[in-house]
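> Using the sequences plus the hints, can you model the full thing?
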Amino acid sequence: MEAAAKRLFIFGVGYAGREIARQAMGSGWKVAGTTRTPEKVAELARLGIEAELIVERTYPPSSAFREASHFLFSVPPDAGGDAALQQFIGGVALCVEPPRWLGYLSTTGVYGDTAGAWVDETMQPNPGQARSRRRLAAERAWQAVGHQRGIPVHIFRLPAIYGPGRNVLEQLKAGTARCVDKPGQVFSRIHVEDLARTVLASMERPVERGAVYNVTDDAPAPQLEVVAYAARLLGLPSPPVVPWEEAAAGMSEMARSFYAENRRVRNDRIKSELGIRLEYPSYRGGLHAINDAASG
108 MEAAAKRLFI
118 FGVGYAGREI
128 ARQAMGSGWK
138 VAGTTRTPEK
148 VAELARLGIE
158 AELIVERTYP
168 PSSAFREASH
178 FLFSVPPDAG
188 GDAALQQFIG
198 GVALCVEPPR
208 WLGYLSTTGV
218 YGDTAGAWVD
228 ETMQPNPGQA
238 RSRRRLAAER
248 AWQAVGHQRG
258 IPVHIFRLPA
268 IYGPGRNVLE
278 QLKAGTARCV
288 DKPGQVFSRI
298 HVEDLARTVL
308 ASMERPVERG
318 AVYNVTDDAP
328 APQLEVVAYA
338 ARLLGLPSPP
348 VVPWEEAAAG
358 MSEMARSFYA
368 ENRRVRNDRI
378 KSELGIRLEY
388 PSYRGGLHAI
398 NDAASG
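Residues in the sequence shown are numbered consecutively from 108, following my numbering.
Since the hints were made in silico from the structure, they are not lab data.
Idealized CB from N, CA, C, for every residue including glycine.
The hints are all genuine.
Cut-off 25 Å, straight-line C-alpha distance, at most; resulting in silico cross-link-like pairs (BS3-like, lysine-lysine):
1) 113 x 137
2) 137 x 147
3) 113 x 378
The following label-pair restraints were derived from C-beta to C-beta distances:
4) 351 x 401: 27 to 35 Å
5) 293 x 273: 15 to 23 Å
6) 359 x 293: 18 to 26 Å
7) 312 x 351: 38 to 46 Å
8) 332 x 198: 41 to 49 Å
Dropping the structure here:
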């Protein structure tokens with residue numbers, strides 16, 4: 108790929124988007140994107156991200172948008188639909204060249220509850236939560252746009268994302284971590300750096316027809332197991348184990364909804380098609396590295 112073509116535009120430069128931008132710029136990409144507030148513009152600058160940042164707005168599209176070769180969308184749809192999709196459709200005709208790649212950050216929640224069984228990308232989605240149904244609708248809308256315009260669309264289905272500044276170690280230090288015991292319940296996770304590596308690999312060598320990728324680590328695990336491991340790393344006592352029935356009574360509806368679904372997510376496709384070798388194949392390595400970096 109020619110250097111001049113390596114221009115990425117990110118709709119919604121949040122936690123994952125910042126790491127994707129950092130790694131992309133380190134590989135020679137020019138990166139721009141959208142954010143909602145001037146405060147977040149300043150935050151990105153403090154993190155050393157030298158991307159041109161475009162405050163989110165309607166038309167006309169910015170020069171960075173018009174010159175982009177690749178577009179990544181991380182803004183979640185709401186009850187009114189996917190605003191980023193409408194912005195893209197409204198501005199894509201003004202692009203200097205036809206986009207070469209579209210990426211969409213979705214959720215493994217589109218699989219719904221499988222009672223702990225393993226799922227992969229060949230499984231028919233069956234979302235149980237309204238937010239996951241909106242994500243699936245957005246996936247299909249992006250795939251339709253790609254088909255109509257002949258652009259590869261890569262869907263990245265993500266579980267819980269953790270990394271520096273967003274992890275159970277921070278929760279333990281703040282006294283907000285909980286050990287909820289719901290027998291048989293597991294969650295999948297992905298370290299933000301491995302997520303970014305996967306997206307970058309997709310941009311560098313996209314499958315022409317587009318693809319769906321589960322971006323998870325190799326070790327689904329109960330949350331209480333993760334909390335206990337993190338407590339040992341910090342030399343802190345693990346929070347008391349609270350039975351699910353007791354914990355659920357004090358949870359928000361959103362928190363309860365995460366425990367309503369139980370699945371183990373396979374990641375074979377990112378390895379076979381994108382050549383991904385996870386730096387953090389389990390939460391143990393990921394948390395250990397975060398703790399070492401904070402301690403050093």
